[in-house]
Amino acid sequence: MTPILSATDLRKTFGSTPALDGAGMSVAAGEVVAVMGPSGSGKSTLLHCLAGIVAPDSGSVVYAGRELSAMTDKERSALRRGAFGFVFQFGQLVPELSCLENVALPMRLGGTKRRVAEARAREWLDRLEVGEVGAKRPGEVSGGQGQRVAVARALVTAPKVVFADEPTGALDSLNGEQVMRLLVETARETGAAIVLVTHEARVAAYSDREVIVRDGRTRSPELVP
Amino acid sequence: MSIGHALLGLLETGPRHGYDLKRVYDEHFGQDRPLAYGQVYATLSRLLKNGLVEERGVEAGGGPERKRYAITDAGVTDLGAWLVTPENPQVYLQSALYTKVVLALMSGRSAEEVLDVQRAAHLRTMRELTRRKQGGDLADQLICDHALFHLEADLRWLELTAARLTELAKAVAE
Amino acid sequence: MSGWRSDLAIGVRLAVGGGRTSVARFVLSTIGVGIAVLVLLMAASVGTIAGNRDDRTMAQSPDSTPIEGVAPTEMVWDGTSFRGQRIGVKRLRGTGPDSPLPVGVPRMPAADEMYVSAALKELLDSPESELLRPRFPQRVVGVLPPEAVADPYDLEAYTGLRQDYAEGDVTAVYKFGVTYDRDLQPEFLLLLLLGVVALLVPVFIFVASSTRIAGAERDRRLAALRLVGGDSRQVRRIAAAETLVSALAGLVVGAVAFLLLRPVAASVRLMGVGVYPSDVVPSWWLVGVIVVAVPALAVLTAQAALRRTIIEPLGVVRFSRPVRRRVVWRLLLVAAGAALLLVELGDENSDIWAVRIAMGTTLMLVGVPVLLPVVVERVVSRLRGGPPSWQLAVRRLQLDSGTSARVIGGIAVVLAGAIALQALLFSQASAVGLGQTDQPGRTGAVTEPMARGWVGADGADEIAELLSGVEGVEWVARFTTADLSADMNENNVLGVAIASCADIERVYRVADCADGDVFTWPNALADQGYAPGQRLTSIEWTENGMAALGEWTLPTEVREIAVEDSMGRSENLLVTPAAAPPGADDRGVGLRIMMDPSNPDTIEHLRNATFDLVGTDFYFDGNMGANVTEEQETFLTIQRGLLIGSLFTLMLAGVSLLVLAVEHIRERRRPLAVLAASGVPTGSIARSLLWQIGVPIGLGVVVAVATGVGLAALVNRMTNDPLLVDWAGVGVMTGAAAVLGVLVCLVTLPFLRSATRVESLRTE
Ligand SMILES: Nc1ncnc2c1ncn2[C@@H]1O[C@H](COP(=O)(O)OP(=O)(O)O)[C@@H](O)[C@H]1O
Ligand SMILES: [Mg+2]
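If you read the protein sequences in the order shown, they are chains A, B and C. Numbering follows my numbering, in which position 144 of the first sequence is assigned residue number 144; successive positions increment by one, without gaps. Numbering follows my numbering, in which position 29 of the second sequence is assigned residue number 254; successive positions increment by one, without gaps. Numbering follows my numbering, in which position 407 of the third sequence is assigned residue number 806; successive positions increment by one, without gaps.
Keep in mind the hints are simulated off the structure, nothing from the lab. On a predicted model such as this, the values are computed, not experimentally measured, just so you know. Here a beta-carbon is modelled for each residue, glycine too, at the ideal position from N, C-alpha and C. Check before you lean on any hint, since a few could be wrong.
Covered stretches of chain B (chain A as the covering partner; in silico rule of three or more C-beta atoms under 8 Å from a C-beta of chain A) [what the hints assert, rightly or not]:
1. 292-301
2. 345-352
One-sided and incomplete, this derived list gives chain B residues near chain A with beta-carbon spacing under 10 Å [said to hold, decoys possible]:
3. THR238
4. ARG241
5. HIS242
6. TYR244
7. GLU337
8. ASP341
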């Protein structure tokens, strides 16, 4: 299967700290890949490079045949807006907007009419089993509900790749399980690939395969026959 | 695990045939190792002897597989006592994994390598469990979660061990 | 008590030593309070400045009341102008050895000696005064000390009066130095009161908002204090101490700035008025008031702000809808102000009248920042829809519009005060005949440079000829005048100028003038109720009224001159000699001198020429280039001063707004960073910031303009002046407010960029 997104030999240093030191991985369309490793090993940095949020010092990231570093910043922004979705650990919802408006936001920024955007957002909230929190603001809902709203916001634009950085990191087990189940189920339904950064094996178990990061280097384990 | 108590627990919801008991047991607890019929009847006869279950009529055709069993009051009491007795926290000191890691280290092999291989294996199992959990009912979810948490615990111990040893190695190297 | 002390100590510690942001906050509020204190100290010095100035003026003023046994000094007031500056010359002649001398003049100067003010000396010594020196052939024998010159920029000279001078304008002075009570004209008092209130209310509001810079962050910090076990009273005390520190630091900064700027004051010339640095001394009791009021106000506002926020250990993390603000008392406040200005109470000179105006004005101005939060809240809660950036801004404002509304209240009150003052100045100015260029119906003013003079009928021809030869003079037109009356009523006289066709053609650029023609200006006759064919009487002025000289009929055919100007005074008719009314010859002759527009010094050459002619120059009214008289210039200066003051205050408010916006960005670092990571262009987010600042500013401007114009209307009603609003000025200030909003947004952009960088995504 040809990968939709692939990175080779990424290097990135912050000051004197090498965050990535020859990391690489690839993601096939619709595939769920877990990125695992101890804290500080470079998982988030790898995800940021893959998503074109951070430019690596060297190495290449290719999405759908296009080299990210060859694009202008504007093109990368447009790519992230159109083809990628993001779920972070917490604090990604705009606190002033209601949950519904938060989910509608990416579409509205893409130029969709408010009514259409909010109708679609409502569908997505229902799909993620948080239809009842639409009118509330993020500060007024529980962590699990907030995370599901965030998943809805990441998926609402039908992205090709969803980047999730410790999406369950701030949740208890039950909420974490629900968020993961919904994220993976809905992503599979829409055919989105997921790059799932986590250090929890239970969360990684939702993936199709895992990539291990250690000291800025990646390895995909050979399965013991 | 006490199969006797498990059967008692299943009988508490109502009298069942031996065959029925085996089916329900397998459904809930027997994912890895289904009960053998012989074991069911051996256990039941032990419970009968201790007065914890009783026979409740035989359907036409006879034979042990046609017997219905029901729990007795003594059985209910015994089950209750068992349920509230805490399980002895299992100490896995003697597990194969532990043995393996210690051996690997003693022979100078890399702990990380053991970890990686083991993680891959663990994750493969965990994926299966997760898949089954997603398709299954509540009982499935419970049993799978149980296994998943244990497997995760193994991995976390391994990760910690690997990290500790790396640190130790660094300290020694310095 | 020791608990108190330690709470205060914690507050001080938090104010000055809490990392970069808290230092920034401390510095900003200190500067804010410092600026306010500086302004207040300056204002407190105005009394001393004006008082000392008056004292000097009075010490110089001659007293002509005869005193037994004193041989008076004879004095002639004289003067000239140089490039728009007035130079006062007093010629003195003693009638005895002990004749009185003015302050700063040690002995009676001879006719070829003079004592000059420092400013005049400097001017005479400078190379620019080449064209002035011919008028001052005297030797400078001394420089007048500061106590003899009211204003450091005054150009003054004392010189000797020729022994043979015997014109009628000689005054006998028995003593220099008079005392009189300074009674302020009610109109002037009004302007002063309004000015003080309009400029000082914003300063206090600025103090209030300065000490609340970065309030949200302070609330968070206080919440952290609650978390570790501080009770709510302790937290209040800590907050009070924190505010107190910056208020006190601000006092020090303001005082130091005042001391540093005092010498600079000498070089500042506002409205043509300068001050001696030694005069810039605030009156001690006002200093006392400032020292007490500023910190008190700061602490009180901080406490009032805390009353609204209940600080819980978990802080203000969870937003919930704020309580709706009560509107009734706010409206009552404004209504009370308006009522004070509306109700007739006390006549124009009573103290009650003054107090009433001051209080009414203050209440109305205070109403602006008090009402604005409600207005913003109510308006914003009705806003819906719009693009995402708009939605973000509106939602934010719906959650918390109070903070920005308060800051913008500071801007709005400045605007309102300035607009009211401007309207008032404008109306008063036009009531006394200034600013006429803006009156309707007066169009097409002559912009050709010209000078006017008035000479006796005898030597007029020679003088005209002499002046024609002066460098830069293009044409010298002569005209005589007559006065006509329809009903022999002194208050209703039609002025007539009589000039030759050649002069009329040159000055007014009319073609085909024939002797016998009569001209007028658009609307000039009809406005005053004169009709063609009307019979009028030519009159002359006598000791006790007017006397008839003969009959004159207004011709049926009167030509109109498009150019709106008259020959000398306010004549409404311009006639050629053949059509002149009877008895028009024996008065003086007006000269109108057309000058080369490319040579602005022509007027100085003219003054020198006339000085040669009579030994003293006679009145020349220079209309150089632009059609702006000196009075209009003064008016424009006042207007400009007001504008600069308001713009300055606007700038201060801009700083507060900036802090607010930066704080806002920092609060939402993560969501902003996530938005940016998801590919939302920074432009969208920046636009939402713009809206967020722009909406309250827009509303603030509306409220300010309404209040300002309303206030001016109310005050003008009291003084029975017509209301004229300087819409251009209003436009400039509203424009400035808008630009300010945009500027603040631009300055916040780097902060926005840094907030949307990936670092913000990292979790600590
Ligand atoms: N913006 C940054 N500035 C400085 N150091 C950074 C930055 N981002 C990451 N790092 C460093 O790079 C390393 C990898 O970080 P990260 O990718 O966040 O690890 P992980 O997500 O696996 O915990 C760490 O040592 C971290 O301190
Ligand atoms: Mg990370």
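Hints and how they fare:
1. 292-301: Not satisfied, violated; 0 residues make the cut.
2. 345-352: As far as the stretch 345-352 of chain B goes, the hint holds, because 7 residues have Cβ atoms under 8 Å from chain A.
3. THR238: THR238 of chain B check fails; min Cβ-Cβ to chain A is 26 Å, beyond 10 Å.
4. ARG241: Hint violated; ARG241 of chain B Cβ to chain A Cβ min 32 Å, cut 10 Å.
5. HIS242: Constraint on HIS242 of chain B not satisfied, violated at 36 Å.
6. TYR244: violated (35 Å)
7. GLU337: At about 7 Å, which falls below the 10 Å cut-off, the nearest Cβ of chain A leaves the hint on GLU337 of chain B intact, so it holds.
8. ASP341: This hint holds: ASP341 of chain B lies near chain A, its Cβ roughly 5 Å from the closest one there, short of 10 Å.
In summary, the numbered hints that this structure violates are 1, 3, 4, 5, 6.
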